[in-house]
Each structure stands twice: as structure tokens, then as C-alpha cells.
Amino acid sequence: MQELPVIAAETAAPRVKKPDWLRVKLPIGENYRQVRNLVDTHKLHTICESGNCPNMGECWGAGTATFMILGNICTRSCGFCAVATGRPEAVDWDEPQRVAEAIYLMKVKHAVITSVDRDELKDGGSIIWANTIKAVRALNPDTTMETLIPDFRGIWENLERVIEAAPEVVSHNLETVERMTKQVRIQAKYHRSLEVIRRLKQGGMRTKSGIMLGLGETKEEVVQAMQDLYDNGCDVVTLGQYLQPTPKHLPVVRFVHPDEFAELREIGYAMGLDYVEAGPLVRSSYHAEKHIFSGRK
Numbered sequence: 001m002q003e004l005p006v007i008a009a010e011t012a013a014p015r016v017k018k019p020d021w022l023r024v025k026l027p028i029g030e031n032y033r034q035v036r037n038l039v040d041t042h043k044l045h046t047i048c049e050s051g052n053c054p055n056m057g058e059c060w061g062a063g064t065a066t067f068m069i070l071g072n073i074c075t076r077s078c079g080f081c082a083v084a085t086g087r088p089e090a091v092d093w094d095e096p097q098r099v100a101e102a103i104y105l106m107k108v109k110h111a112v113i114t115s116v117d118r119d120e121l122k123d124g125g126s127i128i129w130a131n132t133i134k135a136v137r138a139l140n141p142d143t144t145m146e147t148l149i150p151d152f153r154g155i156w157e158n159l160e161r162v163i164e165a166a167p168e169v170v171s172h173n174l175e176t177v178e179r180m181t182k183q184v185r186i187q188a189k190y191h192r193s194l195e196v197i198r199r200l201k202q203g204g205m206r207t208k209s210g211i212m213l214g215l216g217e218t219k220e221e222v223v224q225a226m227q228d229l230y231d232n233g234c235d236v237v238t239l240g241q242y243l244q245p246t247p248k249h250l251p252v253v254r255f256v257h258p259d260e261f262a263e264l265r266e267i268g269y270a271m272g273l274d275y276v277e278a279g280p281l282v283r284s285s286y287h288a289e290k291h292i293f294s295g296r297k
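Letter by letter, the sequence shown follows residues 1 to 297 in the UniProt record's numbering.
Just so you know, not all the hints are guaranteed correct.
Stated by the list, open to error - Dumping the calculated DSS-like pairs for lysine-lysine here, alpha-carbon to alpha-carbon at most 30 Å: (1) Lys297 with Lys219; (2) Lys122 with Lys201; (3) Lys201 with Lys248; (4) Lys290 with Lys109; (5) Lys248 with Lys18; (6) Lys134 with Lys122; (7) Lys182 with Lys248; (8) Lys18 with Lys201; (9) Lys18 with Lys290; (10) Lys17 with Lys248; (11) Lys107 with Lys134; (12) Lys189 with Lys109; (13) Lys109 with Lys134; (14) Lys201 with Lys134; (15) Lys290 with Lys201; (16) Lys182 with Lys201; (17) Lys290 with Lys134; (18) Lys122 with Lys219; (19) Lys122 with Lys17; (20) Lys189 with Lys248; (21) Lys107 with Lys290; (22) Lys297 with Lys201; (23) Lys201 with Lys219; (24) Lys189 with Lys201; (25) Lys109 with Lys297; (26) Lys219 with Lys182.
Honestly, the hints are just simulated from the structure, not real lab data.
Whenever a hint applies, use it, and build me the whole structure from the sequences.
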């Protein structure tokens with residue numbers, strides 16, 4: 001298992017001060033407490049917590065959460081991600097039903113589900129993925145779903161299980177530009193992720209992907225990545241600011257101004273993307289309920 005990259009003190013870049021536009025409110029309120037209790041009671045994992053998402057207060061305060069299945073320990077060690085890396089626990093076959101029940105109790109109209117990578121499993125976790133989609137749909141027939149899936153190491157029969165279960169939106173994040181993929185997503189491949197998007201679109205899915213900014217990429221590289229996604233059948237793209245979760249993770253090179261995000265949004269629409277969600281605090285599941293529909297004017 002690869003260790004997360006450690007930035008040595010003598011070579012570490014100076015920390016860049018966060019600008020005012022990245023300030024968020026602390027999580028408070030009755031809805032937040034209700035979601036907190038349901039997550040704890042049903043022993044569920046959320047990427048909101050495991051990923052240190054800055055929007056947790058807003059989303060949980062609105063009664064929504066992004067559920068993370070297949071445990072909370074990942075087999076990969078991406079340089080940007082706050083989720084723990086290590087040897088995962090055994091698959092919990094009751095988890096799909098617990099997720100479905102929590103969504104029912106929360107009265108969620110649009111559910112977002114993601115997972116850690118489970119590269120040690122022959123099926124890559126795809127059976128639990130399919131079971132979860134089916135369980136949520138059986139108990140919540142009026143709830144729409146977005147599934148943010150791994151690349152299943154390019155074993156396409158595993159991807160087919162998700163396609164056959166047919167959630168309304170299937171997302172797989174590119175995360176960064178091609179030049180920086182090896183540094184940012186150590187065990188992933190840029191063109192394999194594009195192939196995931198292409199195969200999902202060929203399977204009739206509404207497709208989505210996300211890119212983080214501020215890791216050292218250029219504007220031209222971001223535009224090229226957006227074009228690559230569009231060329232491979234991506235419908236929805238999210239663009240957000242990378243935030244360093246711990247000193248052991250990749251440093252923030254710069255904070256991208258909201259005006260730059262607005263410009264990239266317009267570039268995305270001009271190239272033909274159906275929905276572009278762009279802004280400093282945007283994350284994959286932010287405003288996900290809107291991504292079922294076109295954002296084009």
C-alpha cells in the first residue's frame with residue numbers, strides 16, 4: 001500500500017492564505033442534528049465527513065447528505081483526498097438496506113451515493129453498488145439517484161452492473177488535468193477515467209465528472225480536460241477549488257477567483273456541455289439535484 005505523499009518541511013511551499021470567498025458557516029440547526037442522528041443510528045458513512053467537505057453545514061442543514069458505501073477505508077492513496085487509506089474491513093452485505101432506510105427516513109428527493117475504492121475485491125464493490133441502487137429504488141420509488149463511482153480498475157463487467165441498475169445520473173471524477181494525474185491520483189489513469197465516462201454514455205446514462213482547481217494546472221489544461229470529457233460523452237461537469245485536508249496532502253498552489261470559475265462555466269457551455277457547476281466551494285454532490293436537468297440557457 002502506497003503512503004500518502006509527505007511534503008518535507010524544508011521543501012514545502014508556504015501555505016497560501018484562504019481568501020474571504022472560501023469562508024463557510026458552522027453546521028447548526030434542527031435539520032443538521034436530525035441528519036447527524038440518522039447517520040450515527042444507522043452506522044452509515046458519508047463523504048461529507050470523511051472528505052472534510054466545506055459544504056456539510058449547508059447540505060446537512062437542508063436535510064441532505066452524500067452516503068459513502070463499502071466502508072470508509074480506501075485502497076488508494078490519492079494525494080488530495082482526506083479519506084483514510086489502508087486495508088478495508090469485510091463487505092457489509094446489509095449496508096444497501098440501511099442506506100435505503102436512511103434515505104426513506106430523511107425523505108430525500110434526490111440521493112447521492114459514492115464509495116471508496118475497493119481494488120482488493122474481484123468485483124470492485126460493484127455488487128454492493130448494484131444492490132444499493134436497487135434497495136434505494138425499492139424503498140424510495142420517487143427518489144432520484146446520482147452514483148459517484150470508482151473506475152473499477154477498468155474491469156468493465158463491473159461497470160456494467162451499475163449501468164444495468166440504471167441510476168438517473170452516474171458520475172466519475174477526472175479530478176485533475178492530464179499532466180497532473182499521476183501526481184494527484186496515484187493509482188488512476190486519465191484516459192481510463194475518460195473511458196468510464198464513454199462507456200457510461202454508451203450504456204444510456206446521464207454522465208457527470210468533476211475537476212479540482214488550484215493544484216498547479218493552467219487554464220488551458222482545464223479547458224482541454226473539459227473538452228476531453230465532452231468528447232467522451234460527459235453531460236455535467238463540476239469545477240471547484242482544491243482545499244488541502246492535512247499537511248501530508250498536496251498543497252494548494254493558488255486560490256482561484258470566482259470570476260475565473262464563472263469564465264470556465266461559460267467556456268463549458270460554449271463547447272456544448274449540458275450543465276456546468278463552477279465555483280470555489282463546488283464539490284461533486286453540490287446542488288446535485290439540479291444536475292438531472294439541463295443548465296443551458
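These are the hints, each one checked on the structure:
no.	hint	result
1	Lys297 with Lys219	24 Å, holds
2	Lys122 with Lys201	24 Å, holds
3	Lys201 with Lys248	36 Å, violated
4	Lys290 with Lys109	11 Å, holds
5	Lys248 with Lys18	18 Å, holds
6	Lys134 with Lys122	21 Å, holds
7	Lys182 with Lys248	17 Å, holds
8	Lys18 with Lys201	38 Å, violated
9	Lys18 with Lys290	28 Å, holds
10	Lys17 with Lys248	17 Å, holds
11	Lys107 with Lys134	17 Å, holds
12	Lys189 with Lys109	34 Å, violated
13	Lys109 with Lys134	16 Å, holds
14	Lys201 with Lys134	20 Å, holds
15	Lys290 with Lys201	19 Å, holds
16	Lys182 with Lys201	25 Å, holds
17	Lys290 with Lys134	22 Å, holds
18	Lys122 with Lys219	38 Å, violated
19	Lys122 with Lys17	44 Å, violated
20	Lys189 with Lys248	22 Å, holds
21	Lys107 with Lys290	17 Å, holds
22	Lys297 with Lys201	23 Å, holds
23	Lys201 with Lys219	26 Å, holds
24	Lys189 with Lys201	19 Å, holds
25	Lys109 with Lys297	24 Å, holds
26	Lys219 with Lys182	19 Å, holds
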